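From the two separate chains plus the hints, produce the assembled complex.
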Amino acid sequence: MLELQQLSKTYATGDAALRDVSFMVPRGQVAGLIGPSGAGKSTLIRCINRLVDPSAGRILLGETDLAQVGRAELRRQRRRIGMIFQEYALVERLTVMENVLSGRLGYVPFWRSFTRRFPGHDIENAYRLLDRVGLLEKADKRADALSGGQRQRVGIARALAQEPALLLVDEPTASLDPKTSRQIMRLIIEICDERELPAIVNIHDVPLAQQFMHRIIGLREGAVVFDGAPSALDEAVLGDIYGAEDWTAMRREHEEDQAAEADATRRVAEVVR
Amino acid sequence: MSLETTYPMHWRRPPRMLRDRRWRLVVQGAALVYLVLAVGSLDIEWSRVVEGLARGQRFVEGFLQPDFTSRWGDIRQGLIESLTMTLTATVVGVLISVPIGIGGARNLVPAPVYGVCRTIIAVSRSLQEVIIAIFLVAMFGFGPLAGFMTLSFASIGFIAKLLAEDIEECDMHQIEAVRATGASWWQVLHYAIQPQVMPRLIGLSMYRLDINFRESAVIGIVGAGGIGATLNTAIDRYEYDSAGAILLIVIVIVMLSEYGSSYLRRFLQ
Numbered sequence: 000m001l002e003l004q005q006l007s008k009t010y011a012t013g014d015a016a017l018r019d020v021s022f023m024v025p026r027g028q029v030a031g032l033i034g035p036s037g038a039g040k041s042t043l044i045r046c047i048n049r050l051v052d053p054s055a056g057r058i059l060l061g062e063t064d065l066a067q068v069g070r071a072e073l074r075r076q077r078r079r080i081g082m083i084f085q086e087y088a089l090v091e092r093l094t095v096m097e098n099v100l101s102g103r104l105g106y107v108p109f110w111r112s113f114t115r116r117f118p119g120h121d122i123e124n125a126y127r128l129l130d131r132v133g134l135l136e137k138a139d140k141r142a143d144a145l146s147g148g149q150r151q152r153v154g155i156a157r158a159l160a161q162e163p164a165l166l167l168v169d170e171p172t173a174s175l176d177p178k179t180s181r182q183i184m185r186l187i188i189e190i191c192d193e194r195e196l197p198a199i200v201n202i203h204d205v206p207l208a209q210q211f212m213h214r215i216i217g218l219r220e221g222a223v224v225f226d227g228a229p230s231a232l233d234e235a236v237l238g239d240i241y242g243a244e245d246w247t248a249m250r251r252e253h254e255e256d257q258a259a260e261a262d263a264t265r266r267v268a269e270v271v272r
Numbered sequence: 000m001s002l003e004t005t006y007p008m009h010w011r012r013p014p015r016m017l018r019d020r021r022w023r024l025v026v027q028g029a030a031l032v033y034l035v036l037a038v039g040s041l042d043i044e045w046s047r048v049v050e051g052l053a054r055g056q057r058f059v060e061g062f063l064q065p066d067f068t069s070r071w072g073d074i075r076q077g078l079i080e081s082l083t084m085t086l087t088a089t090v091v092g093v094l095i096s097v098p099i100g101i102g103g104a105r106n107l108v109p110a111p112v113y114g115v116c117r118t119i120i121a122v123s124r125s126l127q128e129v130i131i132a133i134f135l136v137a138m139f140g141f142g143p144l145a146g147f148m149t150l151s152f153a154s155i156g157f158i159a160k161l162l163a164e165d166i167e168e169c170d171m172h173q174i175e176a177v178r179a180t181g182a183s184w185w186q187v188l189h190y191a192i193q194p195q196v197m198p199r200l201i202g203l204s205m206y207r208l209d210i211n212f213r214e215s216a217v218i219g220i221v222g223a224g225g226i227g228a229t230l231n232t233a234i235d236r237y238e239y240d241s242a243g244a245i246l247l248i249v250i251v252i253v254m255l256s257e258y259g260s261s262y263l264r265r266f267l268q
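Sequence lines, in order, name chains U and R.
For the first sequence, counting from 1, position 65 maps to 64 in numbering that gives the first Met the number 0; every step adds exactly one.
For the second sequence, counting from 1, position 83 maps to 82 in numbering that gives the first Met the number 0; every step adds exactly one.
Hints were generated in silico from the structure; no laboratory data involved.
On a predicted model such as this, the values are computed, not experimentally measured, just so you know.
Careful, some of the hints might be misleading.
Unchecked claim - Stretch-level coverage of chain U by chain R, calculated; a stretch enters the list once three of its residues show a Cβ under 8 Å from a Cβ in chain R:
1) 92-105
2) 109-120
What the hints assert, rightly or not - Label pairs and their computed distance ranges (CB to CB):
3) Arg116/U / Met197/R: 34 to 44 Å
4) Pro111/R / Ala173/U: 52 to 62 Å
5) Arg115/U / Gly140/R: 44 to 54 Å
Note that the Cβ used here is the ideal one computed from N, Cα and C, for glycine as well.
Isolated chain R (complex conformation) (with noise of 0.2 Å):
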């Protein structure tokens, strides 16, 4: 008997995009002319280059060899500025983000009140923290205060986003039995809604406390004080060894709040 069916030896994957070889051709032909048109623009100097390598080592033998002690005085200061600021804000930012969260979550709150919530979110996050930052230094003057409320700002907009999408997430079930034993909203949200979001608002919140002590040494640069003013100080004076030394304990701070946050995190699960 022969009538077994035969099948084919190959199989490529089909074309998600353009069905048509010809139209692929074109597309593709287009593109490469873009790039050879694009690369021969450019515009290079290549002695630039050269200058800017040679300060670029400057930079990294300044690196190389941190100097902490001839400037620790201001670098002591910007770092107790900054970590204040941080940590204020951040706390700041969780206690307003918190309601407003709750607000933008769609399975809890009616239409008109979900609508300002994320309305404030999308503010809030529309905003980059430099642009903030400049607004505000413009408004209460140089210094950690309008650092402060860049921070708290730029977080609401943050943990609220992303606590309102996790309340969304949440199990409706756990909803669903709490509300159906009489409970009121107030009780749903603390018996049913808290104990699914407590973990990840946590972690949500070590998170922004780190961003925002990187963000702290960003927004120092315009004027918004911290350790990012003690930065650009350093930086404007040609001292690259103290500037090292800065960027060497940024680091090591952020280190330290990422271990810690993690090691929190796992100890919440």
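The following block holds chain U by itself, in its conformation from the complex (with noise of 0.2 Å):
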């Protein structure tokens, strides 16, 4: 269960990209952070494993306040939460199965990391990880020479094996086309839901939330200006989240999308045919 409480982050130059959020996460629940860019949401979910420091605030994770923690304490915090990326951040030149060994980086003395003698049932966990995102056969292969639905399928892998308490999800797809988005987005929702996993994901595409998510946070600069289930958002909301003006257009743009996509579908079905 992760709970915070009047976060707010002001970087060094003033600009305020977090005011006194506050809001509870319950375990097995995925909450989507919508907002327009800039918003704060990648700052949010940074701030949540410090890898921004926030100003004031608390960031309860269970019983600890991640906010207050030294140094080696919060080494210890981050493994317990699993943080899945944008442009999936693998290590590029280390085969698949070092990149999800380096979700136990955090367990193991370095002298195992360094050379690469990860405990047995790390490996097992591994495998059976590998297994699940369905890459298998590819531990080891090269990161890079994955496509990128693969690489963040090793991604979430990497996530997993910290074995997290929580997760922290920022744009899983924004680099991805829009069937493997969906691929991905169920595969998320299905292992939060296998190992009840609390989970926050940053997400611009507003349908793609609404089609996964839970619950649904709105931010507007740096405020919380919406929290509710997904089918309370309508066009007022998201006005508001986004400005009324800008909305409209992005509403636009996703029909126009829908459409393009619709009657890609069905020349697709009259070739077929």
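Have a look at this one:
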């Protein structure tokens, strides 16, 4: 369970990225974070595992206040927080297996990671995860030899190798095509259900968020302006989050995309017939 | 309807520095006057040029008939010294420059460490090899020890600087991702940085190896041993045919290391 209390972040430049953000994510819930770019979605996620240090507020993961922990304790806490990135952020020149095993770095001493002698059950678990995301036979391939969707699956396996108590997901589908995006989203949701993992997902694609998320939190200029079920997201709310003009433009763009996709499907169907 | 706009058919690139045409004319005129005066002040003694050309002809004749045999013993010893000091100096230089390079990367270390490492790099780079060699020969006497130390010292600045810059240009997402798993500083270094910079480090080391070999021929002239000392002796004795042989050997070795390193780099990518 994750709870944020009055979390704020002001950058050294004086820009307030987050203002008094408070919410709670219970076990197994996948919360989608939507909002225009610059609304503080990325900062919020990075504050939770302290890749960015918050200026004020509390971040409670179980009993621990992540905002207060010292360096050594922070490392121990980061092990419990899996993170999935927009551009996959795999180490390109390492093998898929090494990338998955790097999820165990917080648990093993340096000499083990240096000599690649990870404990047997870590390796077994890494294979199990690769099988789960459908990449078992790619274990010895270099990460840069994979396609975008496959890389993101490795990213998911790496996050799960940490045996996390929380999943942070930063725009997981921003660099993927629509079909792969839906597959990746479905995988993330399934995994959170299986393991009863709470997750926060930054997502810029509103229809995708409505389709998959259990709950939507809308950010605007660093403050929460909406928090509720996806079905409660209506035109007025979205206008409020994105600004009425931008939202109309976004919706029109989405409709055009959908029309184009439907058209493409129809043409393919005609050719097949 | 004659509302159609007419557009000009001529376009010239706008001047970047001096917008005013008069200023441009003044500056151009001044440059021309300076050039004429400078050429006029040159004091060329054509008789010396003619003498020099005659000597140059003897050089060329010597190089066209290189003599590998009569001084082979000296050449062989010089080569062995040079190759030994090149290889040892490169290895030692790389070993020392890796930690300094890591310390000189702003995205990895706290400011004081960064400052110290960058200072070491700056000192090493600001002194030219020949100058270091003159100092070290004065300190440790003639011979390859001084050469070895010179080349090691010069390698540190070169490799550490380029390595530090490569680390600073690393993909931050990969570093962030490994850090987010709870990895320690050393683990981040080994899992996120090393895979990104390793091919470049090996390429740089190979490149430095052949720079060091060429430099070993130069610093030999100021007494730091190696093939340079042999070359200097040959020229002092007017044995241009032996000098030609030495230069040919140096060229062949540099070419070999050139091909070798480009092959290795292709293999590593």
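Hint check:
| no. | hint | in the structure |
| --- | --- | --- |
| 1 | 92-105 | holds (count 8) |
| 2 | 109-120 | holds (count 3) |
| 3 | Arg116/U / Met197/R: 34 to 44 Å | violated (20 Å) |
| 4 | Pro111/R / Ala173/U: 52 to 62 Å | violated (38 Å) |
| 5 | Arg115/U / Gly140/R: 44 to 54 Å | holds (47 Å) |
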